[in-house]
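6 protein chains.
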Amino acid sequence: VFDMANETDEIGIARGLAWTSVGGDTLQIEVNIMPGKGEFRLTGQMGDVMKESAQAGISFLRSISKEYKIQDDFFKKNDIHIHIPEGAVPKDGPSAGITMATAMLSAMTKIPVRADVAMTGEITLRGRVLPVGGLKEKILAAKNAGIKMVMVPAKNKRDIAEISQEIKKGIDIRYVENMTEVLENALAK
Amino acid sequence: VFDMANETDEIGIARGLAWTSVGGDTLQIEVNIMPGKGEFRLTGQMGDVMKESAQAGISFLRSISKEYKIQDDFFKKNDIHIHIPEGAVPKDGPSAGITMATAMLSAMTKIPVRADVAMTGEITLRGRVLPVGGLKEKILAAKNAGIKMVMVPAKNKRDIAEISQEIKKGIDIRYVENMTEVLENALAK
Amino acid sequence: VFDMANETDEIGIARGLAWTSVGGDTLQIEVNIMPGKGEFRLTGQMGDVMKESAQAGISFLRSISKEYKIQDDFFKKNDIHIHIPEGAVPKDGPSAGITMATAMLSAMTKIPVRADVAMTGEITLRGRVLPVGGLKEKILAAKNAGIKMVMVPAKNKRDIAEISQEIKKGIDIRYVENMTEVLENALAK
Amino acid sequence: VFDMANETDEIGIARGLAWTSVGGDTLQIEVNIMPGKGEFRLTGQMGDVMKESAQAGISFLRSISKEYKIQDDFFKKNDIHIHIPEGAVPKDGPSAGITMATAMLSAMTKIPVRADVAMTGEITLRGRVLPVGGLKEKILAAKNAGIKMVMVPAKNKRDIAEISQEIKKGIDIRYVENMTEVLENALAK
Amino acid sequence: VFDMANETDEIGIARGLAWTSVGGDTLQIEVNIMPGKGEFRLTGQMGDVMKESAQAGISFLRSISKEYKIQDDFFKKNDIHIHIPEGAVPKDGPSAGITMATAMLSAMTKIPVRADVAMTGEITLRGRVLPVGGLKEKILAAKNAGIKMVMVPAKNKRDIAEISQEIKKGIDIRYVENMTEVLENALAK
Amino acid sequence: VFDMANETDEIGIARGLAWTSVGGDTLQIEVNIMPGKGEFRLTGQMGDVMKESAQAGISFLRSISKEYKIQDDFFKKNDIHIHIPEGAVPKDGPSAGITMATAMLSAMTKIPVRADVAMTGEITLRGRVLPVGGLKEKILAAKNAGIKMVMVPAKNKRDIAEISQEIKKGIDIRYVENMTEVLENALAK
Ligand SMILES: [Ca+2]
Ligand SMILES: [Ca+2]
Ligand SMILES: [Ca+2]
Ligand SMILES: [Ca+2]
Ligand SMILES: [Ca+2]
Ligand SMILES: [Ca+2]
Ligand SMILES: [Ca+2]
Ligand SMILES: [Ca+2]
Ligand SMILES: [Ca+2]
Ligand SMILES: [Ca+2]
Ligand SMILES: [Ca+2]
Ligand SMILES: [Ca+2]
Numbered sequence: 001v002f003d004m005a006n007e008t009d010e011i012g013i014a015r016g017l018a019w020t021s022v023g024g025d026t027l028q029i030e031v032n033i034m035p036g037k038g039e040f041r042l043t044g045q046m047g048d049v050m051k052e053s054a055q056a057g058i059s060f061l062r063s064i065s066k067e068y069k070i071q072d073d074f075f076k077k078n079d080i081h082i083h084i085p086e087g088a089v090p091k092d093g094p095s096a097g098i099t100m101a102t103a104m105l106s107a108m109t110k111i112p113v114r115a116d117v118a119m120t121g122e123i124t125l126r127g128r129v130l131p132v133g134g135l136k137e138k139i140l141a142a143k144n145a146g147i148k149m150v151m152v153p154a155k156n157k158r159d160i161a162e163i164s165q166e167i168k169k170g171i172d173i174r175y176v177e178n179m180t181e182v183l184e185n186a187l188a189k
Numbered sequence: 001v002f003d004m005a006n007e008t009d010e011i012g013i014a015r016g017l018a019w020t021s022v023g024g025d026t027l028q029i030e031v032n033i034m035p036g037k038g039e040f041r042l043t044g045q046m047g048d049v050m051k052e053s054a055q056a057g058i059s060f061l062r063s064i065s066k067e068y069k070i071q072d073d074f075f076k077k078n079d080i081h082i083h084i085p086e087g088a089v090p091k092d093g094p095s096a097g098i099t100m101a102t103a104m105l106s107a108m109t110k111i112p113v114r115a116d117v118a119m120t121g122e123i124t125l126r127g128r129v130l131p132v133g134g135l136k137e138k139i140l141a142a143k144n145a146g147i148k149m150v151m152v153p154a155k156n157k158r159d160i161a162e163i164s165q166e167i168k169k170g171i172d173i174r175y176v177e178n179m180t181e182v183l184e185n186a187l188a189k
Numbered sequence: 001v002f003d004m005a006n007e008t009d010e011i012g013i014a015r016g017l018a019w020t021s022v023g024g025d026t027l028q029i030e031v032n033i034m035p036g037k038g039e040f041r042l043t044g045q046m047g048d049v050m051k052e053s054a055q056a057g058i059s060f061l062r063s064i065s066k067e068y069k070i071q072d073d074f075f076k077k078n079d080i081h082i083h084i085p086e087g088a089v090p091k092d093g094p095s096a097g098i099t100m101a102t103a104m105l106s107a108m109t110k111i112p113v114r115a116d117v118a119m120t121g122e123i124t125l126r127g128r129v130l131p132v133g134g135l136k137e138k139i140l141a142a143k144n145a146g147i148k149m150v151m152v153p154a155k156n157k158r159d160i161a162e163i164s165q166e167i168k169k170g171i172d173i174r175y176v177e178n179m180t181e182v183l184e185n186a187l188a189k
Numbered sequence: 001v002f003d004m005a006n007e008t009d010e011i012g013i014a015r016g017l018a019w020t021s022v023g024g025d026t027l028q029i030e031v032n033i034m035p036g037k038g039e040f041r042l043t044g045q046m047g048d049v050m051k052e053s054a055q056a057g058i059s060f061l062r063s064i065s066k067e068y069k070i071q072d073d074f075f076k077k078n079d080i081h082i083h084i085p086e087g088a089v090p091k092d093g094p095s096a097g098i099t100m101a102t103a104m105l106s107a108m109t110k111i112p113v114r115a116d117v118a119m120t121g122e123i124t125l126r127g128r129v130l131p132v133g134g135l136k137e138k139i140l141a142a143k144n145a146g147i148k149m150v151m152v153p154a155k156n157k158r159d160i161a162e163i164s165q166e167i168k169k170g171i172d173i174r175y176v177e178n179m180t181e182v183l184e185n186a187l188a189k
Numbered sequence: 001v002f003d004m005a006n007e008t009d010e011i012g013i014a015r016g017l018a019w020t021s022v023g024g025d026t027l028q029i030e031v032n033i034m035p036g037k038g039e040f041r042l043t044g045q046m047g048d049v050m051k052e053s054a055q056a057g058i059s060f061l062r063s064i065s066k067e068y069k070i071q072d073d074f075f076k077k078n079d080i081h082i083h084i085p086e087g088a089v090p091k092d093g094p095s096a097g098i099t100m101a102t103a104m105l106s107a108m109t110k111i112p113v114r115a116d117v118a119m120t121g122e123i124t125l126r127g128r129v130l131p132v133g134g135l136k137e138k139i140l141a142a143k144n145a146g147i148k149m150v151m152v153p154a155k156n157k158r159d160i161a162e163i164s165q166e167i168k169k170g171i172d173i174r175y176v177e178n179m180t181e182v183l184e185n186a187l188a189k
Numbered sequence: 001v002f003d004m005a006n007e008t009d010e011i012g013i014a015r016g017l018a019w020t021s022v023g024g025d026t027l028q029i030e031v032n033i034m035p036g037k038g039e040f041r042l043t044g045q046m047g048d049v050m051k052e053s054a055q056a057g058i059s060f061l062r063s064i065s066k067e068y069k070i071q072d073d074f075f076k077k078n079d080i081h082i083h084i085p086e087g088a089v090p091k092d093g094p095s096a097g098i099t100m101a102t103a104m105l106s107a108m109t110k111i112p113v114r115a116d117v118a119m120t121g122e123i124t125l126r127g128r129v130l131p132v133g134g135l136k137e138k139i140l141a142a143k144n145a146g147i148k149m150v151m152v153p154a155k156n157k158r159d160i161a162e163i164s165q166e167i168k169k170g171i172d173i174r175y176v177e178n179m180t181e182v183l184e185n186a187l188a189k
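Chains as they are written, first to last, in this note's numbering: chain Z, 1 to 189; chain Y, 1 to 189; chain E, 1 to 189; chain X, 1 to 189; chain L, 1 to 189; chain B, 1 to 189.
Hints in this document: simulated from the structure, not taken from any laboratory. Fair warning: there could be bad hints in the mix.
If you want the footprint, here are the derived chain B segments under chain X, 3+ residues with CB under 8 Å [claimed, not checked]: (1) 36-48; (2) 83-89.
Sample of chain B residues with no beta-carbon within 10 Å of chain X, all distances over it, derived [said to hold, decoys possible]: (3) Trp-19; (4) Gly-23; (5) Ser-65; (6) Tyr-68; (7) Lys-136.
Label-pair ranges, simulated between beta-carbon atoms [claimed, not checked]: (8) Z/Thr-8 / X/Gly-47: 40 to 48 Å; (9) B/Gly-23 / Z/Lys-77: 54 to 62 Å; (10) X/Ile-64 / L/Thr-8: 42 to 50 Å; (11) Y/Glu-7 / L/Thr-180: 51 to 59 Å.
Cβ coordinates follow ideal geometry from the N, Cα and C atoms, glycine included.
The shape of chain Z in the complex, shown without the other chains (with noise of 0.2 Å):
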C-alpha cells in the first residue's frame, strides 16, 4: 500500500522519492530542530552516501542561511535530527539531497512544505542539482500516492521525455537546476 499526501502543509516535513528494487515508493522525510548544541542527528538506517548528501545539504543551508535571516549562531545553538521512516529499511543514494534540503529549511524558518509536492535530485554543497535515475518509477509512485507536483532535475529532461505521456497525465513535472528553484516551488506561501 502507498503512504498517500499529507492533507495539510507541514512544517519540516518533505517527501522525496525512492526508487527500489520493487518499484518506486516515496520517502516522508522529517526532521525536527531543537535547542542543543549543534549536533547532527540521522536515523532510519541511511547508508553513508545518503548521510554525505545530508550533510552537503546543511552546509549548502549554512551559506544561505541569512537570505532567510537566520542566526549566525542558530548551528551551534540548536541540533538538527532527519530521520527517514520506515527505521528498518535501509536507504542509500544521494537522491533524497533536496528533499532533505527542503524539509531541514522548512524546520528552521517554520515556513511548511507544499503537502501535494514531492521532489528527487542530488545536492551539491553549492546548490546545484544533479540528475538521478528511477525516474519512470518514481512518477509513478508519486502519482499513486496522490502527489499534483513533482521536481525532478533539469538534466533529467530527456528521460522524462522518455515516459509516456499517460504515466506522466495528472503530475505537473517542474525541472529544476539548483535550491533556489526547489524552494520556490515546495514552500507553501
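Starting from the structure of chain Z, add chains Y, E, X, L and B with the ligands where the hints point.
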C-alpha cells in the same frame, strides 16, 4: 515462563511486545534519568535499528517537552539511560519505539505508566505511529502476561482483524495513530 | 587451584561466580574510585554484555545515591574503574551484574564487603535481580573457595532445588529479588 | 556526457581531472566556508588517500595564510567543507590535491577561480606539486569540457611530450612545480 | 643478541620479561611524563590485554599516589606515555603489568629503577600480583642480559621450584605478592 | 627515477630511507607546525607502526623541549602535521622514527636540516636509536639521490661492515646511538 504484568504502576517502566523465532514475548523497558551532562545510554544488546528508534523517540520528546512543562535545559543537565533486560538477548527492530518513548516521558515527568498496559509500534520523529509485524504472537504474549490493554498502530487494523476472537478475548485492543494517543492511554491518571 | 575467600572484609572488592566450559569459578571483582572527571573504565577482557551490565549497575547506583548520602557531583568528580582479573581471560554475560554493583557501592561508600560472601545475578536498571545459569557449578566453586554465604536470584529457586543437598551443605543460600536485599547481605555491618 | 566548464569564474569552485576505468573525467570541486569551530568536512565518497590529500592541502594553506592576509583565528572560527559531486561515485588518489587546495584558498579569500582552467597534481605539505598518472585521458576530458588551460606537474613533462599534438591542440598546458605557480594561474585577476 | 642490562639506574625505565615462540626475551619499558591534559598513550604494538594491564596499573598508582606525595591534580595536568621497543614487534598479555607500573611510578616520583632488576607478573587494580607463564625462559633471558635480581609472583613459587638450579644460579629470585613489595625491590635507594 | 637531495637546507624537512620490495628509496618527510590546539596529524598512508613511531618521537621531543628553549605551552597551542609523500604509497615500519623526530625538531626550532643528509633508525621514547633492516638498499638509494652523509644506528655496525666498499664509497656513514647525536649531525650550523 512469562514475566507477569507489574502489580503497581511504576515510573520509567513500560511494557513492550516482541516477536521472536519462538513466539511472542513481553519486554519490560526501564528508563533512568540522572543529573548529568546530556548523555544518552542504550543497553541490553540493542541493534542499530532499535537504537535509532530510541533516538527518534528522544528527539520527538524534546520537541514536545514544553507541553509537559519540562525545562529547556533538562536534556543538557540530565543523562537518560534506557535498558532492556534480559541483557544477554540481542534485540532489534523499530517496534519498541513507542514503548521506549513512553517509558522516557514517564521518567521525565514522574507520571507512572499503567502496569496493565502493553504496546507495540514504530515511532517517527514527529510522533506518528507506524505499523509493525507479529501482532498475533504479541497479543498472545500480552494475554499470558496478564496485560489488560494493548495499543497497536492504527495501520495494523487489518492484521488485528485476522486474529481469532478466541485470542483477542479479554484484551482491550486500542488503535493508535500518534504518540499523543499512546500517552493518553499509557500514563496513569 | 581455587582462589580462596579473602581473610578480611575489603572495600571495593566483591566476589562473583562464573560458569566456564571447565566448571564454575570465582571472580574477584575490584573497583577503584579516583578523583577524576566522570570516566568509567572497564578492564579484564570483558565482553559487551558484561560491559552493559556494569553500565546498568552504575546507573542504578546513581539513582539511589541519595540514600547512601553520596553527593550529587560525585559521579562528575570521580572516575570509576572496574577490573576483573585474570586479565587475559575473556569474560562475558550478565551474571556478574549484582557483584559489580556491590563492589562499586562499597568503593563509593567505603563500607567493606563481607569476605565470606559470593553472589550471582543479572541486574536491571531498576535494581531488580534476574535469573542466571550454571547454578550448580557456581555453588560448588563457592564452596571450594571457602565461601559461607551465596546470594542467588529468587527466580532461580527451582534450579537451586534441583541441586543435591550434598553440594549445598555448608553454604547459606539466600534468594534475592533486588539490589536492596543484595546490599543488606553483602555489606559488612 | 561531459560537464562543460562554467561560464563565469566562481568563488570556492575549482575544476580537477580524474582518470577512471572508462576514460578521463572532470571533477568540479566545491568548497564552502562557514562560521563554525574549526571542523573540516570531506564528502563525496572520498577514499582515505584523497582525504589525506585534502588535509595536506589545508595544512599548507594554514602555513601560508599570512601572505593572503587571513586572520590567525580563521581556522578556529570557521568550518571548511569540501564536496565532490557526484555523491555516489567513489573517488580516491592524490591527484586532486592541488585542485582542492585551490578551491579552498578561493573560498577563504573570496578570489574567484578562472572558469576555463583545470588542473591535476599531488600536493605536499610544503606546497610542492608531485607527478600523477592518466595525463592523456585527463587532457582529453578537459578539452571535451571546453577547458582552455590545464596545469600539470612539471615532473610529468615527459608524459605530456608523449601525447599527440592532435590531442593537445587548443589546450594551453602549463607545468607547475609548486602551489604558488598553481594559484597564480588559477585565480582570476 | 640480547639487550644487556643498563649500566646505571634510570628514571622511568624498567625491565620486563617476555615469553615468545623462540624463547624468553627482556623488554625495556620506557615511560615519559609530560605537562599535558591527562592523556594516557600506549605505543609499541601492544595488544588489548597489555593495554588493559597498563590501565589497571595507572589506576592502582592513582589510588596510592598520596603515599608518594603526588599532587591530586598530577594526573589531570600531565600526559603519560608508555612505549615498549621494538616498535614493529606485536606484544600482548598481562605479564608486563608490574613492570609498566614500576616504570610509571619511577617517572612520577623521579626515583630511578635499579638497572640490574627485572620482573614479571600480572597486576590487579588493587596492586595484587598474579601468576604468569614462561618462567623458565624468562629467567634464562634475564640471566643472559646480565640481570642480578628477578621478581616473580609468589603464586609462581611451584613453577620456579621446577626449574633446574643450573639455570637459577646467579639470579636472586624474589617472590612478590603485591606492588608494595615490587616497588621496595625495584626502586633505587 | 630518484628524487635528488634538496639544493638548500630547509626547515621542517628531513630525508629518510625506505626499503621496499623493489629496492631502497628516499623519503622526504615534511612537517608543518601551525597555531592550533595540540593536534597531531599524520598523513601519507602511514601504517600503525609508523604512526606509533611518530608518537614516540613527539613524546621524546616534549621531554627535551626545555633544552631547545621551547615554551611549556608550545604543544598545547600548536598543531603538528607530518606528511610523507607520495600520498598513495602505503608506508610502515619503525625505521623512519629518527627522521620524523628530526624534521619535527627543525620545524619547532626553525633550525634547517642539512640538505645532503639522510638517516634511518627506530627511535625510542627516551631517544635511543634502535637497529633497522635493509641497510644495503638504503645506502644505495641515498647515494643515487646525491646524499653525502647517512646516519645509521650504531647497533647496525655489523650490517654496514658486510656491505661492499664499492657501494659505500662517497657516502660518509655515521653511527648514532641516540637522538642527541642525530640532531648534532642533521641540523645546519
Ligand atoms: Ca513505504
Ligand atoms: Ca557505502
Ligand atoms: Ca522473557
Ligand atoms: Ca543493523
Ligand atoms: Ca580463577
Ligand atoms: Ca557480544
Ligand atoms: Ca562526470
Ligand atoms: Ca585506502
Ligand atoms: Ca629483543
Ligand atoms: Ca585481544
Ligand atoms: Ca620515490
Ligand atoms: Ca599494523
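Which numbered hints are broken by the structure, listed smallest first?
Going through the list in order, the structure violates no hint and respects every one.
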